[in-house]
Amino acid sequence: MKLNRTLLMGLALVGFTLVLAVLSFVWTPYDPLAMDPELSITKPSPEHLLGTDVFGRDVLSNIIVGARSTLTVAFFAVLISMTLGVLVGVGTAISPKWAQTPAIFGIDIVLALPSVLFAIVLAAVYGPSTLTAIIAIGVALSAAVGQVTRRETNAVLQADYVMAATSSGAGKGRIVRRHVLPNIRASLFVQASGAIAVAILAESTLSYLGLGTLPPTPSWGRMLAESQQYLIVDPILALWPGLVIVIAVLGFNLTGDGLRESLDPTLRRSES
Amino acid sequence: MSLLEVRDLVVMFGDKRVVDGISFDLEAGSRLGIIGESGSGKTLTTLAIMGLLPDTATVSGSIRFEGQELLERTDAQLSSLRGNRMGMVFQEPLTSLNPLMRVGKQIAMPLKIHRGMPIKEGLAVALQLCETVGLPDPERIIRSYPHQLSGGQRQRIGLAIALACDPVLLIADEPTTALDVTVQKEVLKLMNDLVASRGSSLIFVSHDLPVIATMTESVLVMNTGAIVEHAKVGELFANPRHDYSKKLIATAQHADALFTTFRAGTS
Amino acid sequence: MTTILETAGLSRTFRLPRTGLGSSRAERHALVDMNLTINAGDRLGVVGESGSGKTTLMKLLLALDTPTAGSVAFRGERLPLADMARFRRAVQVVFQDPRSSLNPRMSIADIVREPLECLGIDGNHDERIDDVLEAVGLGAAMRTRYPHELSGGQRQRVAIARALAPRPEVLIADEPVSALDVLVRDEILDLLQGLTTSLGLTLIMVSHDLSVIARLCDTVIVMQDGVAVERGRTADVFSRPSHPFTMNLIAAVPRLPGS
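Residue numbers (the working numbering), protein chains in the order written: chain A, 1 to 272; chain B, 273 to 539; chain C, 540 to 798.
Heads up, some of the hints might be wrong.
What the hints assert, rightly or not - Some chain C residues close to chain A (C-beta under 10 Å, calculated; not the full set): (1) A602; (2) V633; (3) R638; (4) S639.
What the hints assert, rightly or not - To be clear about the criterion: a stretch of chain B counts as covered by chain C if any three or more of its residues have a C-beta under 8 Å from a C-beta of chain C, and this derived list gives those stretches: (5) 451–461; (6) 515–524.
It should be emphasised that the hints constitute simulated quantities derived from the structure, not laboratory data.
Note that the structure is a prediction, hence the values are computed from the model and not measured.
Here a beta-carbon is modelled for each residue, glycine too, at the ideal position from N, C-alpha and C.
Generate the whole structure from the sequences, applying the supplied hints.
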């Protein structure tokens, strides 16, 4: 797999967020939950590099620990969406014609619904939590993955080598395992990195709306929400969570783009 | 001065020489065939003449067309030649036409670009051109989209576009390879007639020796980027000099012999 | 004379997508009422232009598609058989485009191994793979290579090896050399001819190229718009064609000067 500038940039940014998340288990400048009312909303200083929030909590520590929850939600949500999406996508493509139309219709419906809607429903029934956020985002994203996977699978199924496999006696299961999956692998990688970016944004939104990670667990989205009220007093408070969200999303997007660049042309260039 | 003079043309992709220093002349009104297998450099040669090589290619040498050095021209200057003094017909009739534009407008395009002809007038000319290329019901055809036409019809449209501005040089790159053999026969006859009646010059690229033999007067045989033989058609068949040419001729004669026995019975 | 494959009233019609809201779906009759008998040892050519139905016929003979009407019988038994593996062991195919008929992500050994595994072939698979690669003129060293490392001719040899692995009785070849360079075509045709003879195969060759058919096939069937318009011994049909379409086809073949 050839490395290219986009991929390197993306990996660097992603690496940065991962470092924050890992760091959070080992060390943070302060206990992110420790409040100190006297230090409410202070500007960045040598003691608090990024300042403090309204409760006097150290912003930097919260950013570092926030990485953990954001990335956890994003990771598991993408895991759900990729698994579900591939199952549905491949399954639909290999089903008989009559079953395909309702399945495609179903995918389209889920595709039309934003993750926020799912989150609201789940939250209403089970109460908001990190878990409901993960499930909501996972299900919502699985539709897009399913749609792309279905198309890619169809393309592979039309190929001569699949006809040849059928002639060689291969059944549907074998065709999916040995022919479809290896040939859509590259596309899946790319989709996954794109999905992580979307999931991070979704988690931030849900958190912002109070439908995800509950206080006092630090979360970038919620930090953004809380800082909103104090925009006039201290606009910089909003900068930090916003900045890391941008870094994470950009990082995963660039990684996805870079992967697409390096995986596809390699395939094409080596064909004589 | 010949219409086209190519000297030491080299095309490289990175450090790979895909056209390895070829030279040839094309006189006005004459027909040259270029034959070779895939990878021989024949298509790249025609792309170099038209200035349509990808950015990743490096070109050196000289290509003089009507006395002008093409390799020194900018893309904008070359654009005024393409579709105007030089016309090109490609192999795949489906992909060389814009799928979203009616074919009449596509024929009128070069007229608009090079002669400043408004589309309305251009469409009238397109109608005539459709008749010239033997398309029945031209009124309906010019309003059609490429996918509504058959392969043979599309290739005739391709010819009409290439000939719209009455070029002095027509370059055809495997124009009939993707067509059924009965359609091929008609399209080749059409090209023959058109080139003859207009006195244009023709460069015809193909891997099919019998086709080249019927369409051209002299042949360049290309192999791995180089010209291995350059002879008149008759001369090539009588005295092939290079191994590769000999093999090509033997293969073609072998297939042809099968038909001599068969043909004895038909008209 | 054993009849290996036989079709009776075989037809295949495709329903086209609707062109408007209220319009009924048009139908394309790809194959109409085809009756064909193929005996062991036959070398049959199926000739036609695009849209003639030759590819549709091929797919039906291979049970890669189901007919709209009529049937295909293998050794007297109507398809589909209860044990399709038996059919597939006996009837194998080589496709046209060597670039797309091999899975780009599988090694040559795995590609040739697939029919052996799926069709329950006894014996040592690795040995069989080596044998069959040798038979098509590729060394056993090819086993670990991937399709993109091979030339068009080599890939087509792999496709032939894969088809021969389960020791079939019938080989169906769909335009096996159209996508290859002129000189390579010769080699592959020679290979097919040699193998057909030495292995006593029944050959069905589908092509639009009359010279290819003329070279390898004793009998030929000419198709136009889904119908067989002429059939007979190749020499007879090509030298004394009775149907105007066949005459046009033969007249259209580009000839060398002086012939």
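Comparing the hints with the structure gives:
no.	hint	result
1	A602	holds, 9 Å
2	V633	holds, 9 Å
3	R638	holds, 7 Å
4	S639	holds, 4 Å
5	451–461	holds (count 7)
6	515–524	holds (count 4)
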